[in-house]
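Go ahead and model the full structure; you've got the sequences and the hints to work with.
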Amino acid sequence: MFEVSRDEALRLLGTVQLGRIAFTEQALPAIRPVNHVLAEGDIIVRTHGGSALLRRALLSEVVAYEADEIDPVTRTGWSVVVTGTATRVTGAAELARYQGLLMPWIDAEMEQVVRIRPEIVSGYRLARNPVSGVPST
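Under the working numbering, the first residue of the sequence shown carries the number 1, and numbering increases by one thereafter.
It is worth saying that the hints were derived from the structure and are not from the lab. Nothing here was measured: the structure is a model prediction, and the numbers come from that model. Don't be surprised by glycine CBs; every beta carbon is placed ideally from N, CA and C. One or more hints might be untrue.
Said to hold, decoys possible - Computed spacing ranges between beta-carbons, pair by pair:
1) ARG75 / ARG55: 35 to 43 Å
2) PRO33 / SER122: 14 to 22 Å
3) MET1 / ALA52: 25 to 33 Å
4) ARG11 / GLU109: 15 to 23 Å
5) PRO29 / LEU101: 24 to 32 Å
6) ARG75 / MET103: 26 to 34 Å
7) GLU25 / ILE120: 19 to 27 Å
8) ALA93 / GLY49: 15 to 23 Å
Following this line, the structure appears as structure tokens:
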């Protein structure tokens, strides 16, 4: 396993549509699967009006976002974790743009848009050891 640069980590994040957002809810960790797009270096997700994620965004709280792509057969892939502040997108033009770019994966009204501005970005690639063929750790 080896670390990748911030730019490479964000590039990898942009190659997948699904990740997991982690935040604190009533002093306990909460993790939700969400689909996303990367726009101007920010992670954009949609949610509904009563969601715990929207409540975090309204308070501009720090959240973590993780996405990965792992091949269980070859035991290779990558994982990216982004920590940043979640905020609600309120501008009409921005809302319309992101709602057009990002279609919800579930059959529910997802009228709210949340932006996560990356502050801490870490990424790792899992690669096979060229000598032993075993995944490097």
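Cross-check of the supplied hints:
no.	hint	verdict
1	ARG75 / ARG55: 35 to 43 Å	holds (38 Å)
2	PRO33 / SER122: 14 to 22 Å	holds (20 Å)
3	MET1 / ALA52: 25 to 33 Å	holds (32 Å)
4	ARG11 / GLU109: 15 to 23 Å	violated (32 Å)
5	PRO29 / LEU101: 24 to 32 Å	holds (29 Å)
6	ARG75 / MET103: 26 to 34 Å	holds (32 Å)
7	GLU25 / ILE120: 19 to 27 Å	holds (21 Å)
8	ALA93 / GLY49: 15 to 23 Å	holds (20 Å)
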